[in-house]
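Throw the hints in and build the complete structure from the sequences for me.
Okay, here's what each chain looks like letter by letter:
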Amino acid sequence: MNSPDKDELLLNAFKSAATGQETPDGPHVVDDDEQLISWSLGEIDARRQSELRDHLADCPYCRKELAAMIRAGALKLPPVEAVVPVRRFWHRRNLIWATAAAATLMIGIVWTMSDNGSQRILAMVEKDLGAGNPAAAMDRVETLLDEEELDANTRQKAQGLLEESGYRLARKNLRSGDFQEVLDVEHRTAERGLSFSRLSSLRLQAERGIPAEHALTQSGNLLDYGYELSGQSYNKGAFPTFDETTQRIRKELAEAVKKYPDSLDLRLNYAQLLLEENEYKAAEEQFNTALRLDEKNALAHVGLGLVRYHREQHDDALKSFVEATALDPTSFDAQLNTAICLERIGRSDEAIPYWRKANELTGDTKMKRRIKELLSAVN
Amino acid sequence: MHTARIAEMFENDKQWLLRQPEINSWERACACLAEQLERWLREYSKPLCEQVVAEKHPEYPSYVNRLWRCWGYHWLQAAGKSPDGKIRGQEVAERIRAGKGYSRGGRLGGDPLRDVVLAVALGMKENEAAICFQTDYYDFSRHLAGKQNHRFMHDVDDWWNEFVDFLAGYTQPPGKLERFIGKCALRNWLGTVLWNFLRRRPLPEGINGDDLPDNPTSPADDVARQECLALFTRLVAEAFDKLPKDDRLLLRLLYVDGLQLKQAAAVIGVVPGQASRRRGRAIQRFQQLLSEQVADSEREESYQDCLQYLMEDPRDFAVALCDILEDSLAEEDVQ
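So the sequence lines, in the order shown, correspond to chains A and B. Under this note's numbering, the first residue of the first sequence carries the number 50, and numbering increases by one thereafter. Under this note's numbering, the first residue of the second sequence carries the number 59, and numbering increases by one thereafter.
These aren't lab readings, by the way, just hints derived from the structure by calculation. Using N, Cα and C, we set each Cβ at its ideal position, and we do this for glycine too.
Below 27 Å or equal to it, Euclidean Cα-Cα: the simulated BS3-like pairs (lysine-lysine) are: (1) B/K300 x A/K113; (2) A/K330 x A/K368; (3) B/K144 x A/K300; (4) A/K64 x B/K303; (5) A/K113 x B/K205; (6) A/K113 x B/K303; (7) B/K320 x A/K176; (8) A/K55 x B/K300; (9) B/K139 x A/K300; (10) A/K64 x B/K320; (11) A/K417 x A/K368; (12) A/K300 x A/K221; (13) B/K320 x A/K221; (14) A/K345 x A/K406; (15) A/K221 x A/K406; (16) A/K113 x B/K320; (17) B/K158 x A/K415; (18) A/K330 x A/K308; (19) B/K300 x A/K64; (20) B/K158 x A/K221; (21) B/K144 x B/K72; (22) A/K221 x A/K345; (23) A/K64 x A/K176; (24) A/K64 x B/K205; (25) A/K55 x A/K113; (26) A/K176 x A/K221; (27) B/K158 x B/K139; (28) B/K158 x B/K144; (29) A/K345 x A/K330; (30) A/K417 x A/K406; (31) B/K320 x B/K303; (32) B/K205 x B/K320.
To be clear about the criterion: a stretch of chain B counts as covered by chain A if any three or more of its residues have a C-beta under 8 Å from a C-beta of chain A, and this derived list gives those stretches: (33) 232-246; (34) 324-335.
Here it is as structure tokens:
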């Protein structure tokens, strides 16, 4: 390993070498506000884009200024359409989910490698993941997978890490509402003939445009369904519209669940979708199946509780929510739903410890304030 | 009074408008569109103008025209994205008023319909509009200016009034805002315009202790070290120049200009995954070229000496450099 000053020395040599360009005479693209704004809006055609790239390749002045504007947020990044070959994508997905499951199983296999750079790269990928940087991890592992001469063990290990980094990156994007980025991540794995059920699950959420916190794999609480903290319901009117896309996704999810009956994430998502469509019986079946797969899954208990609450089976709903709090005391949704349910059936005093716990668990200041107000009203 | 002019305004868009849902009779459609524009104009002009802009207002056509250019632009874009090329104008309006557009990502940065009214009102020297602009964009502009140079942030008075004048065209019409038609919200548009406005201006005078150079120079290197660094740099430059143009652009954006992978990908017009793979291949190619460069070098002896001198534990220079390129990007991504 080089020491930092040697690293810096080499990096500086590279930067000096790569910087050594003369600035051509104008006009310069960065001086033209209108063109820059059109570019950032994705309005310029392929020919002009190509001209712009050519100019940037030859003009250090424009590159430097453009980069400064982008870094400062003065210029928004232009949209880039991922080239998604839809039909091939679908066939591939069907073909490869089976192999994906196999690849996932291989993650735990002890990995031995020949002494080459691959081992070092894999270690760096793990380091990136450990440092909470899935984007860098995914970039790195993709580069490794581009190698044609990887041995089978290394390839399997790399695919496992690709799944892990892709999943973490997609989840991060989903949380921040960057739905297209989630699709891009999934596309990057599909491009390689790989697909992973949990990544597909996030893609399905992204296609529905639902942030992670509204989906059961991440969350699920009565507030999402228009129930107020005091246990009263109101018409929230903010649910996704059930258009053709939703129907397509629903069909796709139903097929995926049939094909991969043991995938808990897929099943929870499917159940959540059914719940949103007010198909309580079907949703209940899915949540129950999820519990047969994993009886200690707190989210499945929360889901079942939500179904029962909708059906006004409040006592049963309460049992499910309480079960979820016992299984996962750190689940904000479980605590909150239990509290709302207790309020609904007039057991406000019993709700207090659940409110307090929910208050501890949430970082949402607005929510904290609402809970505090409610508690002070009770007291 | 302005009815004929307003109807004329829609004529250019007649062809695609007639294909849209709920538009059957052209005359009736024009009347409905004009009515809707007037409703918005009343709503938006109320806090921005001395008097609510309605049909009798002398500048009514200017406002309505700008509102229509904005709505029409997004409507046409939305129709283009719809499978059958049709979409209700109200649906489009609701979406853009919520700050969402129809390009990928869809973030407009605010309500462009409100912003075009603000833009026209500023040009009309409406006092309330100027106050509103200052309230909404002063801090944003100051912050952004600071990213270009801290002196701009410390001395906003030096440029703020001039910038507002440049936008509104008070002393030298037409102002830059004449060009703003709400393809995105003002915030997104303003960032680019402000950046270039400041770039063309001299920096404000420095204030106490402010004149330190941005990059303090490092202590002078000794002669041998400098010679060795020059040799390394030449070798790297020769190898780098042999890379294809696209590879050079990507590596420069990443390592010289300091963009993150996602940003560099957008500049070269590909998704981050593709950019990542290109980067990996470019670094591999570069490593190979650099190894060849070192092996073919007639300066082999000096090279070995320099390696010994600078690196102490000499190992493959090409591999070491490419490792660093990999690592340094990962660090930037984390930041």
